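Taken in order, these protein sequences are the chains called A and B. Per the numbering used here, the very first residue in the first sequence carries number 9; after that it's consecutive. Per the numbering used here, the very first residue in the second sequence carries number 46; after that it's consecutive.
These aren't lab readings, by the way, just hints derived from the structure by calculation. Quick caveat, the model's predicted, so the values are computed rather than measured. Relax, there's no trap hidden among the hints.
The calculated lysine-lysine pairs, modelled on DSSO-like cross-linking and capped at a C-alpha distance of 27 Å, are:
| # | chain 1 | residue 1 | chain 2 | residue 2 |
| --- | --- | --- | --- | --- |
| 1 | B | Lys235 | A | Lys108 |
| 2 | A | Lys155 | B | Lys81 |
| 3 | B | Lys337 | A | Lys68 |
Listed here are the chains, written in short residue letters.
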Amino acid sequence: MTETAAGIRIRPLDELDISAIVAIDEAISGRYRPEVWERRISYYLRRAPEASLVAEVDGKVSGFMLGEVRSGEFGLEEPTGWIEVLGVDPAQRGKALGRKMAEGMLEHFRSHGAHSVRTLVDEEREDILTFFSSLGFEPAGLRPFVKHLEDRRPG
Amino acid sequence: MNVKTSTLPKRYHEAVLRWKDVFLPDYDFLLENWDKHFPNDPEFQLCAYRELGMCSEIECGDLKGKPKAQKAGDLLPEQAHHLFGAIRAQASTEFGSIQQHRLTLARAQEEEEQFWILRMMAEELRHGYQMLHLLVEDDWSSVSKESASDLIEDVLSMNTGSHLLGAFNIDFDSFVDNVVFCALIDRVGKYQLAMQKISAYKPMAESMPQMLREEAFHLAAGVVPMRRWVTAAARGETFVTMEVLQKAINKWLPRGLEMFGDERGGGTNVRFGLKPMKNSEAQAQFYQEVEKLVRDLNLRYLRARIADLTHAGSETALDRVLAGETVEGIRCEDLLYVPAMEFFRRRGVPSFRLAGAQGETFATVPEYLQHLVRTLPEAYRASRDFKDYVEALTAVQEGRMTAEQAAGRMPALRRVAGACPCSKSVRWMVDDPVVVSAPQLARPVTGQPVA
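Next up, chain A with everything else stripped away, as it sits in the complex:
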């Protein structure tokens, strides 16, 4: 748990953060998806509860970053930190909450044997690309590919 600046605290995620994360996601995406976050947060709490972090501003959860260390993804056998989901309440942007959470998460990854950290970013999201670049992330040799499958269900 880190007190990074007046009123800002970075701490591990817990199950009582679900409502706040649902609200942040809703503020960003316009979608209310409690079931999605209940399942997703249960997953991270089961796998690595100390890896995923939230940022509190004056006691209110205003950002979250979910991730974990995994081995074997895409043939990457060495333990690798994966930052998978990031969200900051639009009303609290400009307080470097994302950077503070990333610093905490990278430290956790380092202490759990990861030598590199990876993430996937939508190329159209300039703000996210800029954010990760500012943290020292650079394009990796792995390129994402996708193939959309036609729906063959009857009807």
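Since the structure of chain A is already known, use the hints to place chain B on it.
Just chain B now, with coordinates in the frame of chain A:
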């Protein structure tokens, strides 16, 4: 992170396995289906974990800054005495909760939630194992005349009714209890583990991090189904109503508050560097968390009842309903509340007072009992535990007993029927067929001998 794993000496390890065969018969079923429900999660291992590289100096109390004890013999006699009791109590709770959960595990309506609880039970088994490891890996002869075998047998022979803390002596009545217990009683467990993470006894401190990691999911295994249930209730589904949930909260919260110990105590643990908070401090923080949980559940309920509500709108609507307004047909009594800290208590400062769930007080025992009829689950009121409570309450209110005397009589060991658990324990281990007294999960026949 540097973690060392180890197992108990063979005979004690096997005693735990034998206990597991009796009280956690679905263990093998869980492992067989692990990848289906928890894909890519590390396999479960029944062993003790010690996190290395933790703080080596005592972190609070009179001895702050001094080296932590590596062995029980390095502790002060009174310090060792307190710690020994705490380890034993912790072990009792871990094994005790499995005995409670198994009664109603098979009644879950959703397979996912059932497997969450089953995983949690396996991890509680590991937590109990971890505490036994602390008891047998060190020499506690300065505070206990019992041998390691006796200590293990003592813990493994406890059953619902003979555990050291009240919350573990109450039978579950439905799967609602499995879930609400996780959300409330495991939350107390989280506090205890987090406090013991700074223990002046280094092996205890080193035992806590892995237990805390596992406990984080146990809380989710309670909170997430509760959130789903309030949503279903708001939509008019009748499986688990708000009233049923409220009564389960009323049943368990008072026992959870008592698990922190008497509100006036805990100073000795702080002085000895065994915990960083006194009982009342930890209890107050726990209560605030439960308030947050219940508020979140109410917000979830409102969002499910009122289709076009925003997050901010739901917060406002909730405050209006709690203030007594009816909003879109929703009244305060439709929502959940956190029972008052004094409600239905049998230990601590407010024990055996006629204190109502919402802070009201009652003048006579019959009036109070009518209140309990309205606020506690029907099945629980038919239990021996409740009967014992009513008798003790009556004796206190009639002046035949002090509250302290009454508290000392609870829980009473009453469970005498059934197979002697000792026969499954350390000394008399025999290869007899496993007796399974609780329903098991549906599964293919494996040829395992079950009676």
